Amino acid sequence: MESCLGCASEVVVRLFPAALDRGPARDREAAIAPGEGGRCFAHPEKAALLVCEGCGRFLCRDCDTLWGSEHLCLTCIYERREVKQTEGFTDRRFLYDNAALSLAAVPFVAAYPFFWVGFLTGPMAMYYLIRHRGDSRGFVPRGRGRLVLAWVLSVTSLLGSLALLGLLLWAVFQAAARGGNL
Amino acid sequence: MKKRFGDYRRLARGSFGCSSLWAGPDHLVYVRGTGFLLPLVEEYKRFRYEDVRAITMTGSSFAFWMLILSAAAAVSSAAGIFLPDYEELAGQVVVSIFLGPILFAGLFILVWNLVRGSSCRCCIETSVGQVRIRPVSRLRVFERVLAELEPLLLEHQQAVASIQPPELPGGQRREGAVAGTRAAVQGAPAGAARVVGRGSPFLVPTLLAMLSFGAAWLMYAHRLDTGWLIAAGVLNLLLFGGVVVAIVQLLRGYTPGVVLVVLWTSLVQQLVVMMAWFALYMVWSIKIAMHAEGVGTAAFNELFGHPVVQAGSYYFSLGNGILSLVLGISGLAGIRSHFLRRRPPAAPPALPGSADSEGGRSEGGGAREAPRVSKRR
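If you read the protein sequences in the order shown, they are chains E and U.
The opening position of the first sequence corresponds to residue 1 in my numbering, with each subsequent residue numbered one higher.
The opening position of the second sequence corresponds to residue 1 in my numbering, with each subsequent residue numbered one higher.
Think of the hints as simulated: they come from the structure by calculation, not from any bench.
Please note: incorrect hints may appear among the correct ones.
[To be verified] Computed, partial: chain E to chain U, Cβ under 8 Å:
| no. | residue |
| --- | --- |
| 1 | S9 |
| 2 | V13 |
| 3 | R14 |
| 4 | F16 |
| 5 | P17 |
| 6 | A18 |
| 7 | L20 |
| 8 | D91 |
| 9 | R92 |
| 10 | N98 |
| 11 | G138 |
| 12 | F139 |
| 13 | V140 |
| 14 | P141 |
| 15 | R144 |
[As the list claims (entries may be wrong)] Facing chain U, a subset of chain E residues (Cβ under 7 Å, in silico):
| no. | residue |
| --- | --- |
| 16 | A19 |
| 17 | F94 |
| 18 | L167 |
Note that this is a predicted model, so its numbers are computed, not measured.
Ideal Cβ placement from N, Cα and C applies to all residues, glycine included.
Take these sequences, add in the hints, and give me the full structure.
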């Protein structure tokens, strides 16, 4: 372990052989190569060197994208990532179960003075839970614990806020009836 | 969180499972969660084993400051509970209900931090950029991850392993690197070397806010209402500024681990307080009912010695105080990350006499994001 000369922090740098490979990307030959005379689908002026393993288009070196062990064109990657949302191709995902749980927990985090917001956040959490009940819950598969907790908290916060509002209204009416303060 | 599923094996995980690092059959997956309280969006970055050029670790002072913060929270809470001479037991019970969770959370974080050891920052470098791996935030975790990754990476980079580095006369390479770094540091404009110094600017104000919170409790317990008013004013100012900055930070979609810890502590504290409050109220009501002296508001007032409205404002002040701390820390962390992001990237020192000084990092050394796909050129 060395120390940085600028800030004196401890520094560890582990270099791997790829660090020495400063040229173009490694030449990975495709399993299938079109015969001579094949032209790239997007660049007819260039010779095709590979075949897209998703749609079969001829690709030049510029159009080829190596994803894992597959050679794909950008259209196929877009389709798998954005349209089909294929596992292993997505680069981001909205987690509806966590969103529902966060919404349901808001009244408890916001504390007693703002507990009434459960009147709004409870139904919103329920909407997420019902509308997206079958959606994927992230890269790492997980159980239904968060969904159950979100249901419990959203129902509790909704009922609690309704009870609180009812109690408040009752107190106001009582005070008005007595003609005094709370 | 699972340790293994399908072809993937977990190497490291961050606080509350927000982010994690997974080893797949031929690539690494870095899962980065962003959101509030819980990760609402997950982003995935994949690194092929063949593309990883280096793994770096830099020591950080996060653990040290975390230690001070948690100790300050625990000490101030304990002082609020045990130091004042309460006239009635009920007063101490109420204070314990509020400060007890903070005390236990502070102690828990203190011990947890000590057990986890020194903190660090880990980065994975590919040909087009460098990505910080947030789950690897402790030296011990870094060593374990490196030990697991090293054989995998070397195995997948056998094809390029035959390339030999340019031969330099004995010691010249290291001497050259040290000289280049020293020249870069000395030749940099004033302040550039200090930018990466230890410590974080947001932590001192946060620490002061927490200490003032504890001091305010002590003053309040000794009926020094003026001190409490001053502290409440300061905390409310913090609350206002914190709300503004926290909203900006939320829009940027990143919540630091420290803020998550404080937020969850706040959540637990609120739940405990609510349940304890309700239980006390019910017990007292039943007791009064058994003595046929009336149930409800009168019992509530008798327990806390305040009318309902005053008791409500009392709780409101406490809620505001805790929220102000939470949001203040969140906001200050946001300011910090804002300034850190505006820092100009440091130029890598040249290695005299090596090929690096000629070709440099022409493949996109300035890029900050890792490629999501391996693009063939």
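So, going through the hints one by one against the coordinates:
1. S9: holds, 4 Å
2. V13: holds, 5 Å
3. R14: Where the cut-off is 8 Å and the nearest Cβ of chain U is about 5 Å from R14/E, the hint holds.
4. F16: Nearest chain U Cβ about 5 Å off; hint holds.
5. P17: holds, 4 Å
6. A18: holds, 5 Å
7. L20: holds, 5 Å
8. D91: holds, 5 Å
9. R92: holds, 5 Å
10. N98: Hint holds; N98/E Cβ to chain U Cβ min 4 Å, cut 8 Å.
11. G138: Because about 5 Å separates G138/E from the closest Cβ in chain U, which is inside the 8 Å limit, the hint holds.
12. F139: Holds. Min distance 5 Å.
13. V140: holds, 6 Å
14. P141: For P141/E, the interface hint holds, since the closest Cβ of chain U sits about 6 Å away, which is under 8 Å.
15. R144: Given a least distance of 14 Å, the restraint on R144/E is violated.
16. A19: holds, 4 Å
17. F94: OK, holds: F94/E within 7 Å of chain U, min 6 Å.
18. L167: With Cβ-Cβ at 11 Å, over 7 Å, it is violated.
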